[in-house]
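Position chain P against the provided structure of chain W, taking the given hints into account.
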Amino acid sequence: MSAEAHRKVPSIKHSALTSAPREACELKLSLEIGGNLKILKRLGYRKLVLQIGRGRVVPDSFASTSFSLIVYRYKNSLKEDIKRSDLIISHAGAGSCLEALEEGKPLVVVVNEKLMDNHQLELARQLHREGYLFYCTCSTLLELLKSKDLSSLKRFPPGKPEIFSEFLDQVVGLKKLMSTSQSQPF
Amino acid sequence: MNFFLCLIAVGGVVAVLVLLRLWLVLRPRKEGLQTVSVSVLVVAGSGGHTTEILRLLGSLSKHYNPRHYVFADTDKMSAVKIRSFEEKRAERDSESLYTTHHIPRSREVQQSWSSSVFTTLYAMCYSLPLTFRLKPDLVLCNGPGTCIPICASALLLGILGIKKVIIVYVESICRVETLSLSGKILYHFSDYFFVQWPTLKGKYPKSVYLGRIV
Numbered sequence: 001m002s003a004e005a006h007r008k009v010p011s012i013k014h015s016a017l018t019s020a021p022r023e024a025c026e027l028k029l030s031l032e033i034g035g036n037l038k039i040l041k042r043l044g045y046r047k048l049v050l051q052i053g054r055g056r057v058v059p060d061s062f063a064s065t066s067f068s069l070i071v072y073r074y075k076n077s078l079k080e081d082i083k084r085s086d087l088i089i090s091h092a093g094a095g096s097c098l099e100a101l102e103e104g105k106p107l108v109v110v111v112n113e114k115l116m117d118n119h120q121l122e123l124a125r126q127l128h129r130e131g132y133l134f135y136c137t138c139s140t141l142l143e144l145l146k147s148k149d150l151s152s153l154k155r156f157p158p159g160k161p162e163i164f165s166e167f168l169d170q171v172v173g174l175k176k177l178m179s180t181s182q183s184q185p186f
Numbered sequence: 001m002n003f004f005l006c007l008i009a010v011g012g013v014v015a016v017l018v019l020l021r022l023w024l025v026l027r028p029r030k031e032g033l034q035t036v037s038v039s040v041l042v043v044a045g046s047g048g049h050t051t052e053i054l055r056l057l058g059s060l061s062k063h064y065n066p067r068h069y070v071f072a073d074t075d076k077m078s079a080v081k082i083r084s085f086e087e088k089r090a091e092r093d094s095e096s097l098y099t100t101h102h103i104p105r106s107r108e109v110q111q112s113w114s115s116s117v118f119t120t121l122y123a124m125c126y127s128l129p130l131t132f133r134l135k136p137d138l139v140l141c142n143g144p145g146t147c148i149p150i151c152a153s154a155l156l157l158g159i160l161g162i163k164k165v166i167i168v169y170v171e172s173i174c175r176v177e178t179l180s181l182s183g184k185i186l187y188h189f190s191d192y193f194f195v196q197w198p199t200l201k202g203k204y205p206k207s208v209y210l211g212r213i214v
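Chains W and P supply the protein sequences, listed in that same order. Note that the working numbering has the first sequence beginning at 1, numbered continuously upward. Note that the working numbering has the second sequence beginning at 1, numbered continuously upward.
Calculated from the structure, these hints are not laboratory results. C-beta atoms are modelled at their ideal positions from N, C-alpha and C, and glycine is treated no differently. Warning: the hint list may mix true and false statements.
Stated by the list, open to error - One side only, chain W facing chain P, incomplete, derived with CB under 7 Å: (1) 94; (2) 162; (3) 164.
Chain W on its own, in the form it takes in the complex (with noise of 0.2 Å):
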């Protein structure tokens, strides 16, 4: 699947960056201060939104014919932005990354160094053990993009919130009386 969403695009990438307040700063800097936008132009995409959240650097969004930047704090939902993007490059907080691997795109997470003993690093490194993400911290970031194959990621199956349900159902004896009113005649 994340295969098809490059093909769908061939020539224009997008690439949308969702980010946590505290990564943001850090996030911003590894693109920014190396000149690190042509990087990410020479691998093919053409368009970097950023969400910085509480970020105290603000690039300037700008807009090329050969690349363009988008920059804005918060959105209520980021969704429309994945789906449009070829690669997600995320903090590894659960939502962010459950998001991105939900709509089947290949997903970079960056794990702050300074919280290297965080228990989200937890869940980065069982899914990247799993082949459904690649993790890195924000130095080794642009190296990752060089030399991975994001096609290479597994697709991510979607969790089963229905056999939450059907078991609550159970322990709070839901599913006797609903199984019983049922088979009363109406």
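Just chain P now, with coordinates in the frame of chain W:
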């Protein structure tokens, strides 16, 4: 001296009675609730916690009605997400009901453990009257600090014999190898404790593992 011995003895008896009552409340029961609707007290948290709990709620049938949401007063995004979730739900089901309630945060991120005790006690002053007023059939929570005073209040309803509240805790998908602080506490006090990774099921055998449910 005798007075103190008496005091200790009385204290001991009360403690034993409370523990016995606690054991009775937490004991698994076979019969479910004899009702067609289940009122749910949902402990919403910040960001990811809210996303996960809304996924779980999204799968619940219309019989889980009404839903009372409790969240810490500093979290605005959660309120927005919950409102939009409930508005969509109300469009499909005209009988759908929900309420929202604010209580003070019991623990800020990276707050020290010792001061957490005091802020949790403070949050308890708000949680107790709220939980006693709502008397939910079910408390559903997934880890924000706010769930500790709420679950303690729900447990107290059972200990006092007012109402047995079913406490369901779902550990966040983020937790692969270790439980959150709330999880470590509520593992002992919830009726159903869900984990979403096999490693945790191995470490905490009393937990329920049904794969990934968010």
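Comparing the hints with the structure gives:
A cut of 7 Å between beta carbons decides the hint on residue 94 of chain W: the least distance to chain P is about 4 Å, and the hint holds. At a threshold of 7 Å, the smallest CB-CB gap from residue 162 of chain W to chain P is about 5 Å, leaving the interface hint in force. Given hint, residue 164 of chain W at the interface with chain P, holds; its Cβ is 4 Å from that chain's nearest Cβ, closer than 7 Å.
When the structure is compared with the earlier hints, no violation turns up for any of them.
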